[in-house]
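Engineer: Okay, here's what each chain looks like letter by letter:
There are 2 protein chains.
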Amino acid sequence: MSVSIRRLDSRAADFAAQFEGVLDRGLAEDPAIAAAVAGIIADVRRRGDAALLDYTRRFDRYPVGDADALRVPRERLIEAERAIPAESRDALRVAAGRVRAYHERQRVDSWQYTDADGTLLGQQVTPLDRVGLYVPGGRAAYPSSVLMNAIPAKVAGVPELVMTVPAPAGELNEMVLAAAAIAGIDRVYTVGGAQAVAALAYGTATVPRVDKIVGPGNAYVAQAKRQVYGQVDIDMIAGPSEVVVLCDGRTDPEWVAMDLFSQAEHDEDAQAILISLDPDFTTRVGEAIERLLPGMERAPIIRAALERRGALVTARDLDEAVSLINRVAPEHLELSVENPLEIAPRVRHAGAIFLGRHTAEVVGDYCAGPNHVLPTSGTARFSSPLGVYDFQKRTSLIMCSPDTADRLGRTASVLARGEGLIAHARSAELRIKKS
Amino acid sequence: MSVSIRRLDSRAADFAAQFEGVLDRGLAEDPAIAAAVAGIIADVRRRGDAALLDYTRRFDRYPVGDADALRVPRERLIEAERAIPAESRDALRVAAGRVRAYHERQRVDSWQYTDADGTLLGQQVTPLDRVGLYVPGGRAAYPSSVLMNAIPAKVAGVPELVMTVPAPAGELNEMVLAAAAIAGIDRVYTVGGAQAVAALAYGTATVPRVDKIVGPGNAYVAQAKRQVYGQVDIDMIAGPSEVVVLCDGRTDPEWVAMDLFSQAEHDEDAQAILISLDPDFTTRVGEAIERLLPGMERAPIIRAALERRGALVTARDLDEAVSLINRVAPEHLELSVENPLEIAPRVRHAGAIFLGRHTAEVVGDYCAGPNHVLPTSGTARFSSPLGVYDFQKRTSLIMCSPDTADRLGRTASVLARGEGLIAHARSAELRIKKS
Chain L
0 MSVSIRRLDS
10 RAADFAAQFE
20 GVLDRGLAED
30 PAIAAAVAGI
40 IADVRRRGDA
50 ALLDYTRRFD
60 RYPVGDADAL
70 RVPRERLIEA
80 ERAIPAESRD
90 ALRVAAGRVR
100 AYHERQRVDS
110 WQYTDADGTL
120 LGQQVTPLDR
130 VGLYVPGGRA
140 AYPSSVLMNA
150 IPAKVAGVPE
160 LVMTVPAPAG
170 ELNEMVLAAA
180 AIAGIDRVYT
190 VGGAQAVAAL
200 AYGTATVPRV
210 DKIVGPGNAY
220 VAQAKRQVYG
230 QVDIDMIAGP
240 SEVVVLCDGR
250 TDPEWVAMDL
260 FSQAEHDEDA
270 QAILISLDPD
280 FTTRVGEAIE
290 RLLPGMERAP
300 IIRAALERRG
310 ALVTARDLDE
320 AVSLINRVAP
330 EHLELSVENP
340 LEIAPRVRHA
350 GAIFLGRHTA
360 EVVGDYCAGP
370 NHVLPTSGTA
380 RFSSPLGVYD
390 FQKRTSLIMC
400 SPDTADRLGR
410 TASVLARGEG
420 LIAHARSAEL
430 RIKKS
Chain V
0 MSVSIRRLDS
10 RAADFAAQFE
20 GVLDRGLAED
30 PAIAAAVAGI
40 IADVRRRGDA
50 ALLDYTRRFD
60 RYPVGDADAL
70 RVPRERLIEA
80 ERAIPAESRD
90 ALRVAAGRVR
100 AYHERQRVDS
110 WQYTDADGTL
120 LGQQVTPLDR
130 VGLYVPGGRA
140 AYPSSVLMNA
150 IPAKVAGVPE
160 LVMTVPAPAG
170 ELNEMVLAAA
180 AIAGIDRVYT
190 VGGAQAVAAL
200 AYGTATVPRV
210 DKIVGPGNAY
220 VAQAKRQVYG
230 QVDIDMIAGP
240 SEVVVLCDGR
250 TDPEWVAMDL
260 FSQAEHDEDA
270 QAILISLDPD
280 FTTRVGEAIE
290 RLLPGMERAP
300 IIRAALERRG
310 ALVTARDLDE
320 AVSLINRVAP
330 EHLELSVENP
340 LEIAPRVRHA
350 GAIFLGRHTA
360 EVVGDYCAGP
370 NHVLPTSGTA
380 RFSSPLGVYD
390 FQKRTSLIMC
400 SPDTADRLGR
410 TASVLARGEG
420 LIAHARSAEL
430 RIKKS
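Same order as they appear, the protein sequences are chains L and V.
0 is the number of the first residue of the first sequence in numbering that gives the first Met the number 0; add one for each residue after it.
0 is the number of the first residue of the second sequence in numbering that gives the first Met the number 0; add one for each residue after it.
Wrong hints could be hidden among the right ones.
One side only, chain V facing chain L, incomplete, derived with CB under 10 angstroms [unchecked claim]:
hint	residue
1	Ser9
2	Gly64
3	Ile77
4	Glu80
5	Val93
6	Arg106
7	Asp114
8	Gln122
9	Val227
10	Arg249
11	Asp251
12	Asp258
13	Tyr365
14	Asp402
15	Leu407
16	Gly408
Source of the hints: derived by calculation from the structure; they are not laboratory data.
Glycine is no exception: its CB is placed at the ideal position from the N, C-alpha and C atoms.
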């Protein structure tokens with residue numbers, strides 16, 4: 000059964016509309032989920048641990064005894080790290096080391112200077128006090144996500160990292176626990192869903208209140224993060240995963256097809272787009288897709304994603320291709336071309352760029368070093384990958400000498416009076432020298 | 000009539016509860032406003048300019064002819080810059096120059112490196128394409144706010160800055176227009192309220208769609224920003240203004256009283272707190288408040304704010320005072336003490352710190368250099384002042400050589416198979432060398 004993935008040619012009269020159609024993202028929220036989540040949050044705020052226990056028993060079918068039993072002791076994490084296969088442990092450690100090394104370069108330090116006027120100015124940089132990391136449980140257990148969310152916080156200097164992960168029917172994923180050990184998570188609780196987010200945002204007797212919640216989750220978790228935003232900070236609300244592959248037609252079509260599959264296998268809403276300047280190459284990638292798809296473990300999901308939101312696009316020239324990329328502002332961009340370093344600076348919006356034929360997007364998912372938490376759904380127009388900067392904050396520093404208090408005070412006084420704020424003006428004027 | 004501002008002593012048995020009571024912020028949203036705003040946004044998305052014209056005529060009582068008339072030409076801004084008093088023009092220019100100089104230090108540059116393995120890694124930093132700046136009209140016209148919001152965006156390199164400002168009954172504030180000229184705003188439209196935010200977020204035939212909306216506004220504007228968040232980025236939703244003054248008891252009590260007034264005069268929900276180690280000093284500040292208040296132009300607002308949310312706190316010792324400050328995480332903190340540079344590093348959460356007796360908070364509002372858009376309501380626990388970093392975004396760069404594609408591919412393959420993502424694994428494996 001052939002895959003009916005869209006094939007678009009930018010020379011077609013209705014290309015612009017067709018391309019917009021591919022990008023269209025129905026992101027409507029489900030009001031039933033919003034209401035259910037609001038109820039859960041209110042209940043956790045009111046009843047604390049008792050509510051956590053109720054929801055955990057009901058939603059996770061985990062007959063937990065008391066709130067103490069929600070805590071996973073540090074020794075359990077270390078035990079998991081020991082118990083997993085050596086090959087997996089080594090891979091997690093290599094990945095963690097590389098992610099740490101890259102993120103070290105993102106750390107921002109405090110600075111201050113005294114300007115020519117004699118005013119000391121600066122910026123004091125501090126880590127957040129405590130961060131919560133949500134980790135999904137059950138089928139979609141991603142140890143890589145533990146590393147990617149925890150390590151930037153640790154590099155930023157966050158003293159306390161609290162992880163919550165549901166234990167469906169009491170079961171925990173050993174790889175996730177091992178990753179928590181390697182990443183240096185400080186506390187782990189087996190709570191999930193909106194109740195975990197509520198506990199992290201407001202605190203209970205057992206789960207401490209945090210200042211920011213990060214990590215992926217299902218629609219309930221995403222909605223809960225949206226509702227507690229303001230009480231605490233959150234990372235982005237991630238949409239479906241996306242890749243755009245720009246290819247000059249000289250990469251093995253099977254490599255390109257497999258790269259498109261690796262996005263598409265996430266879920267049926269994932270988006271995989273090829274942009275090429277060569278219609279023959281587009282055809283060959285189409286053939287590779289047909290050939291390889293039947294052998295894929297997740298063939299039905301891949302097929303659905305490609306048919307729903309995939310596209311093989313032939314563009315007129317490189318300028319047009321780059322402008323299509325900037326229109327998409329993709330989460331992942333592969334520049335599968337001979338001269339990727341010449342093209343990258345022309346990309347204004349993308350979460351991460353994978354340069355050259357040999358750089359598969361998946362090395363970025365796991366172990367290259369940069370973060371795999373990236374802006375989706377076109378938000379790369381204004382957002383960045385998760386990074387150390389998400390766990391640091393800044394405080395402005397200003398110190399006037401008596402002289403600069405006089406000079407700056409005169410300017411402030413004029414502007415304050417112009418805005419009708421007379422106490423402002425007088426506060427400045429009190430520091431002006433009497434002549 | 001004496002001012003009944005709370006006087007708290009940390010030695011009191013119920014101090015902790017009393018102090019929490021002072022901080023309590025009822026931040027409930029008004030569902031009627033939320034519904035009205037949702038209607039306006041939907042209408043602007045559907046009808047575009049026609050809706051903008053309708054709302055502008057109705058809410059701003061501005062009988063604007065057609066959508067073209069909503070545009071304020073650049074010449075009009077330059078004319079305003081010429082027309083305002085020389086003293087004001089000079090003050091705006093001094094302020095703009097200082098704000099620009101400080102923010103230049105915040106700019107982040109792209110970087111890349113090749114690691115020991117031979118993988119090129121980096122971070123490409125780009126400005127946002129287009130930013131919208133909301134400026135309130137009418138009574139609360141703040142030219143300083145134009146400078147503080149626009150200049151960081153310009154320093155970041157944002158090519159296009161679009162300002163909207165309502166013109167109640169057709170009137171515009173000359174100082175605001177002059178500030179727009181000085182800050183280098185590219186386009187100005189006389190639209191306000193939720194309709195302006197909707198136009199900036201979705202675009203109309205006249206108002207271009209932007210990538211981020213910043214700037215203060217009333218409850219409708221704040222609600223509209225909240226509702227369009229995700230479609231575009233927004234800055235923070237600002238709460239009432241706050242100051243904490245920590246004083247060692249050796250600053251002129253009238254200076255401290257006036258600094259408290261300068262916050263309190265913003266509105267009745269503004270918060271002004273003095274923390275001192277010396278009960279006698281607290282008393283003297285109380286007396287100064289009584290003495291100075293009757294002479295203040297905004298005495299009723301100041302009184303209401305001080306009585307509602309103000310406090311004069313006597314703390315046991317410096318450690319306790321610092322821990323109270325970190326509990327508040329104030330927007331503004333004055334360290335009105337002899338050795339402010341020793342205390343500042345112990346402050347973990349504050350928007351801006353004003354060091355020493357001579358540094359009035361108001362110099363930060365107007366012209367010291369750092370931004371006056373600061374995290375309120377305790378959000379300094381996880382947020383920073385508005386800065387150049389709010390208008391820059393990052394893209395990760397990864398380039399493998401054939402050799403590193405082999406090595407990283409092996410690690411990625413192990414981890415992908417561990418997560419059950421086989422297309423991920425195969426995409427990596429295709430780049431592993433056949434031996």
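Engineer: Does Leu407 (chain V) meet its interface restraint, that is, does its C-beta lie within less than 10 angstroms of any C-beta in chain L?
Structural biologist: 4 angstroms, holds
Engineer: Have a go at the Val93 (chain V) hint: is there a Cβ in chain L nearer than 10 angstroms to its own Cβ?
Structural biologist: Holds, because the Cβ-Cβ distance from Val93 (chain V) to chain L comes to roughly 5 angstroms (cut-off 10 angstroms).
Engineer: Holds or violated: the hint that Arg106 (chain V) contacts chain L, with Cβ atoms closer than 10 angstroms.
Structural biologist: Arg106 (chain V) check fails; min Cβ-Cβ to chain L is 12 angstroms, beyond 10 angstroms.
Engineer: Quick one, is the Ser9 (chain V) hint okay against chain L at 10 angstroms, beta carbons?
Structural biologist: 22 angstroms, violated
Engineer: Would the hint on Asp251 (chain V) be counted as holding, given a Cβ-Cβ threshold of 10 angstroms to chain L?
Structural biologist: 8 angstroms, holds
Engineer: Under the criterion of a CB-CB separation shorter than 10 angstroms, is Gln122 (chain V) in contact with chain L as hinted?
Structural biologist: Holds, because the Cβ-Cβ distance from Gln122 (chain V) to chain L comes to roughly 7 angstroms (cut-off 10 angstroms).
Engineer: Interface hint check: Arg249 (chain V), Cβ to nearest Cβ on chain L, cutoff 10 angstroms. Holds or violated?
Structural biologist: 15 angstroms, violated
Engineer: Let me know if the C-beta of Glu80 (chain V) comes in closer than 10 angstroms to any C-beta of chain L, holds or violated.
Structural biologist: 14 angstroms, violated
Engineer: Holds or violated: is the Cβ of Tyr365 (chain V) closer than 10 angstroms to a Cβ in chain L?
Structural biologist: With a minimum Cβ separation of about 4 angstroms from chain L (threshold 10 angstroms), the hint on Tyr365 (chain V) holds.
Engineer: Hint validation: Val227 (chain V) versus chain L, beta carbon distance must be below 10 angstroms. Holds or violated?
Structural biologist: 12 angstroms, violated
Engineer: Taking 10 angstroms as the limit, does the beta-carbon of Asp402 (chain V) come near enough to a beta-carbon in chain L?
Structural biologist: OK, holds: Asp402 (chain V) within 10 angstroms of chain L, min 9 angstroms.
Engineer: Under the criterion of a CB-CB separation shorter than 10 angstroms, is Gly64 (chain V) in contact with chain L as hinted?
Structural biologist: Violated, because the Cβ-Cβ distance from Gly64 (chain V) to chain L comes to roughly 31 angstroms (cut-off 10 angstroms).
When held up to the earlier numbered hints, the structure conflicts with 1, 2, 3, 4, 6, 9 and 10 and fits the remainder.
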